[in-house]
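For what it's worth, our numbering labels the leading residue of the sequence shown as 154, then goes sequentially.
Straight-line alpha carbon distances no greater than 20 Å define the calculated EDC-like cross-link-like pairs of lysine to aspartate or glutamate that follow:
hint, residue 1, residue 2
1, K220, D312
2, K220, D330
3, K220, E177
Computed spacing ranges between beta-carbons, pair by pair:
hint, residue 1, residue 2, range
4, M170, S490, 18 to 26 Å
5, P484, A335, 44 to 52 Å
6, G249, W563, 47 to 55 Å
FYI, nobody ran anything at the bench for these hints, they're computed from the structure. Using N, Cα and C, we set each Cβ at its ideal position, and we do this for glycine too.
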Amino acid sequence: MNHSFSGTEFDSLASGMATSGAIESLGAIQHSRNLLLLRSVVDAAHRTGHPEAAAARHGFEQLMELKRRAPDAAAAVITHPSTGGWGLHALRVLRGGASPGDPPGARPAQLAGMAAAAAIRGRRAGTFTVPVSSGTVTLPSVGVLTAPQDAGTVRIVHDGREVVATAGRTSSAIPTDGTTDAPGWQGLRTLRAQPAGRAGFEILLDDVDPFRFPRVSSAGAERLSEGAVAELERTLGDAWELLSRHHRASARELSGTVSTLTPLRSSGDEFRSATSREHYGCVALSLPVIPTQLAVTLVHEAQHGKLAAITDAVRLLPGDDGRRYYAPWRPDPRPFSGLLHGTYAFLGVARFWRRQRWLERGEHALAAHLEYAHWREAVRLGLVQLCSRDRLPALTERFVHGMRHVLEQWRAEPVPGPAAALAAERSTAHREHWIAANGPLPGCLRTVRDLPDPVA
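Please model the entire structure based on the sequences and the hints provided.
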């Protein structure tokens with residue numbers, strides 16, 4: 154994999170508002186990364202003498218053939234978030250390093266399932282022998298087929314018009330669009346947002362793939378009902394209306410960086426969201442969610458996804474020197490890498506509220522001003538600590554200074570007094586709880602008088 158960014162692209166990423174070229178580069182990086190992962194699975198299976206080594210190689214060759222015949226369809230499968238998750242897990246298994254919380258089913262022959270998925274998406278004929286894992290056959294980005302309990306493999310035949318899956322004497326049809334449910338088949342559904350007169354947004358809802366997100370067996374929600382899907386699509390429509398009308402740069406970024414939503418299991422009234430470096434393009438979140446919450450969550454998690462993709466291409470994270478830092482959004486001390494990720498993510502959140510606060514009215518306006526003041530100050534505290542690290546790699550220093558330049562432009566912007574006071578209270582309370590649990594703040598933040606009030 155050999156990818157790089159131009160200086161302009163890199164600086165746009167550092168600012169949190171990437172150019173179209175930078176977003177395209179991130180996608181190309183992840184495509185190459187996942188291809189390299191899949192090729193590494195084939196090589197590792199051969200090197201370790203795995204009984205499915207030949208099947209893995211054949212499945213990979215089929216996928217490469219489809220990459221030539223149906224490049225867009227193959228690319229959609231190769232870059233699907235679960236493909237990266239599966240590839241890394243498969244390598245861990247082959248190298249003897251699987252974790253107890255990992256899902257089963259990372260069989261090398263699963264590469265045939267990826268080829269079958271590309272054939273279905275691209276409407277290309279082919280025959281594929283896909284392994285059964287835990288009673289199911291997974292076709293990434295397309296869906297999951299329930300197989301007979303005693304079946305070891307399923308033969309999937311696509312004649313260009315119909316798709317038939319056969320295990321022993323049992324045959325079933327897979328819908329040619331892949332997304333429609335059928336007996337024994339659960340397809341990935343698509344959520345669509347189409348505001349009048351502006352670009353729409355389509356995103357896959359992946360609530361079936363066993364590799365859709367880390368620890369999905371314990372954290373993932375059950376498959377959503379049709380009613381829940383319709384409600385989520387309405388919420389997405391309202392969120393996209395807000396983003397595409399008032400946060401256009403963020404909307405453009407999301408169109409190029411987020412491809413999949415994965416529901417998380419709810420934990421009481423607490424809303425949760427997450428991304429995974431292994432699953433580029435996926436945002437996981439608990440439901441229900443309201444439109445503004447969904448909009449800012451997508452912005453926040455896309456920041457994490459962008460930074461993870463950047464670090465796949467350039468050395469941005471210095472080695473861990475053991476130092477731990479105060480992150481105003483976490484209860485625990487964080488390493489440099491965690492502080493950088495959080496600071497970058499909340500730079501995006503602050504940018505959202507910077508604009509959104511002028512769109513709200515009444516109590517909602519007060520809350521939006523509060524959010525902006527709070528996250529602007531949180532990002533500032535993160536940047537103070539990031540800049541205090543000695544001997545940063547040149548690109549890391551350039552990236553951090555790019556974030557700092559954005560924040561400096563915002564520091565002079567006034568915040569209404571009541572919102573600023575509430576933001577200061579919130580920040581102080583978090584800091585005091587953190588000190589009580591973890592001890593003194595890092596030296597560069599040691600005295601409260603050195604922490605300016607959020608009012609500019």
